[in-house]
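Chains as they are written, first to last, in my numbering: chain A, 1 to 267; chain B, 1 to 87.
Hints listed in this document are in silico derivations from the structure and should not be mistaken for laboratory results.
Quantities reported herein were computed from a predicted structural model and do not represent experimental measurements.
Take the hints with a grain of salt, since some may be wrong.
[Claimed, not checked] Okay, the calculated beta carbon distance ranges per label pair:
1. 18(B) with 267(A): 43 to 49 Å
2. 57(B) with 87(A): 46 to 52 Å
3. 67(B) with 41(A): 53 to 59 Å
4. 52(A) with 61(B): 30 to 36 Å
5. 72(B) with 62(A): 25 to 31 Å
6. 259(A) with 71(B): 29 to 35 Å
7. 90(A) with 1(B): 49 to 55 Å
8. 18(B) with 20(A): 21 to 27 Å
9. 48(B) with 23(A): 38 to 44 Å
10. 243(A) with 73(B): 21 to 27 Å
In this text, a Cβ means the ideal position worked out from N, Cα and C, and glycines have one as well.
Here are the chains, one letter per residue:
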Amino acid sequence: MNYIDPHIHMVSRTTDDYETLAKMGCVAMSEPAFWAGFDRGSAESFRDYFNQLTDVEPKRAAQYGIQHFAWLCINAKEAENVELSREVLKLIPEFLDRPNVLGIGEIGLNKNTRNEAIIFQEHMELAVAHDQSVLIHTPHLADKYQGTRMILDMLADHSIDRHRILVDHVEEHTIGAVLDAGYWAGMTLYPVTKCTPSRAVDMIEKFGAERLCVNSAGDWGPSKPTAVPDLILEMRRRGHSEALIQKVVHDNPKEYFSQSKNFSLDR
Amino acid sequence: MNANEILDREFLEIRAKLLDVAAAFDRLERADGSVESDPRMQLLKTAAKLNATDSDHNLSRAEKMQMLFSRQYDPEWIKSFDLSQRG
């Protein structure tokens, strides 16, 4: 089955991973800007990173017939440095017209601090000013519930169309509030700290498939870039229809991405 | 799938996961030193007991366990951070 991975960090993955993903049916992916595993020292490092996301990775993906899209921001962890964040925010508009850019992301909170909240708000203002969709990271583990509620509080203040916002990494205790508020939700299949394929299918069965996407968030940490096919298999084993599976892993991300002017799907 | 089919499919997997948890508690008890006063141990023991309770209409067991391991949310956080509403 053809599928789209709406959240994967291919700058951290090998070319062999592109080949494997293509063989498993991945036809498109989107890569949000994130933490590199270390704090970068200057805004110019982000300029290079944004070039990597908007020029290098699309070419690597294209070698295997995969369309690569990207989201730009300074991530929540480095947003603790407000001065650096504001320099990076100034850079972003010059990249928004690159042909694979879908919007602003993954912005969000990490430890739910005041500085993170300030930079989140400034990213939202940038998104509204430039008519961009937004992909939002919610915090890990013990911080997730509190951080998700704080993010929903901040989003409620903005006039942006809620269907243009995807709140990612939802789990059992946060998915309901996100969907009820009218946003898209993303479930991340990630060992130990996020969600397993079984629990993700449980949530699909409980909440339905509307405005719900699933991703691997494959990155430089312990993660599995082929996690979306794992979910496809689990849905099949439970007897779900091919149409429902396709909606979750292909049609839903396509519908969400289609609100971005740079998105079109070749196949 | 109905409940019988799910149990048939997942019985051994669930059994293995529960055994893994039991063995982890044994490993902690067997090791030198004690972590009994560590608040994380109390969380783990409360979570283990949660699996044996009935679910209720408001929260599933998985939601209850997630909330057990979550920091509390303060609805007044914007005021305490001295941040103005914007948008």
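Status of the hints after comparison with the structure:
At roughly 44 Å, the beta carbons of residue 18(B) and residue 267(A) sit within the given window of 43 to 49 Å. Separation of residue 57(B) from residue 87(A) is about 50 Å and conforms to the stated range, judged on CB atoms against 46 to 52 Å. Separation of residue 67(B) from residue 41(A) is about 39 Å and departs from the stated range, judged on CB atoms against 53 to 59 Å. Separation of residue 52(A) from residue 61(B) is about 43 Å and departs from the stated range, judged on CB atoms against 30 to 36 Å.
In this structure, residue 72(B) and residue 62(A) break the distance hint of 25 to 31 Å, their C-beta atoms being roughly 47 Å apart. Our hint of 29 to 35 Å for residue 259(A) and residue 71(B) holds, since their Cβ atoms are close to 33 Å apart. Checking the proposed 49 to 55 Å range against residue 90(A) and residue 1(B) shows it holds: the Cβ atoms sit about 53 Å from each other. Between residue 18(B) and residue 20(A) the CB atoms are about 33 Å apart, so this pair departs from the stated range of 21 to 27 Å.
The supplied range of 38 to 44 Å is met by residue 48(B) and residue 23(A), whose beta-carbon atoms lie about 41 Å from each other. Distance hint for residue 243(A) and residue 73(B): a CB-CB separation of about 37 Å, inconsistent with the stated range 21 to 27 Å.
When held up to the earlier numbered hints, the structure conflicts with 3, 4, 5, 8, 10 and fits the remainder.
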